[in-house]
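Chemist: Per the numbering used here, the very first residue in the sequence shown carries number 4; after that it's consecutive.
Since the hints were made in silico from the structure, they are not lab data. Hints should not be assumed to be uniformly reliable.
[Stated by the list, open to error] FRET-style restraints, in silico, Cβ to Cβ: (1) L68 to E21: 18 to 24 Å; (2) T65 to H42: 31 to 37 Å; (3) D18 to R38: 27 to 33 Å; (4) C50 to D77: 38 to 44 Å; (5) Q75 to R27: 31 to 37 Å; (6) E70 to E21: 17 to 23 Å; (7) R38 to L8: 41 to 47 Å.
Beta carbons are placed, not taken as given, at the ideal position from N, Cα and C, and that holds for glycine.
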Amino acid sequence: MRRQLRRLMYQTMNDILELEDYARDMSGAAYWCERDGQHVLADEMRCVGREYRVRGLEMRATLALLEHMLAQPDNTEASGPSAAG
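Produce the entire structure from the sequences given, and follow the hints as far as they go.
Modeler: Rendered as structure tokens:
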């Protein structure tokens with residue numbers, strides 16, 4: 004269970020980094036659109052970038068929960084159905 008949890012945490016961290024990269028790319032593209040006079044497109048790109056950042060924040064909350072779960076003692080064997088008899 005702990006190995007699976009660590010694997011899930013690792014994947015979540017990678018997803019967060021990927022979302023941040025997308026958000027940064029959208030912000031950069033919005034900057035260049037704005038310079039080219041395409042203000043509406045720049046605003047839309049900023050909105051998409053913000054959505055990526057919000058999803059990244061949600062993933063950070065998930066990661067915090069996973070870290071909390073990992074810190075808990077592993078009592079799954081004692082509380083499983085076989086312990087009831």
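Chemist: Work down the list of hints and note, for each, if the structure agrees.
Modeler: We went through each hint and held it up to the structure:
The supplied range of 18 to 24 Å is met by L68 and E21, whose beta-carbon atoms lie about 19 Å from each other. Checked against the hint of 31 to 37 Å, the pair T65 and H42 passes, with Cβ atoms roughly 35 Å apart. Evaluation of the 27 to 33 Å hint for D18 and R38 yields a pass: the beta carbon distance comes to about 31 Å. At about 43 Å, the beta-carbon gap between C50 and D77 stays in the expected band of 38 to 44 Å.
Distance hint check: the CB atoms of Q75 and R27 are about 34 Å apart, consistent with the given range 31 to 37 Å. Between E70 and E21 the CB atoms are about 19 Å apart, so this pair conforms to the stated range of 17 to 23 Å. Taking the beta carbon of each, R38 and L8 are about 46 Å apart, inside 41 to 47 Å as hinted.
In summary, the structure agrees with every hint in the numbered list given earlier.
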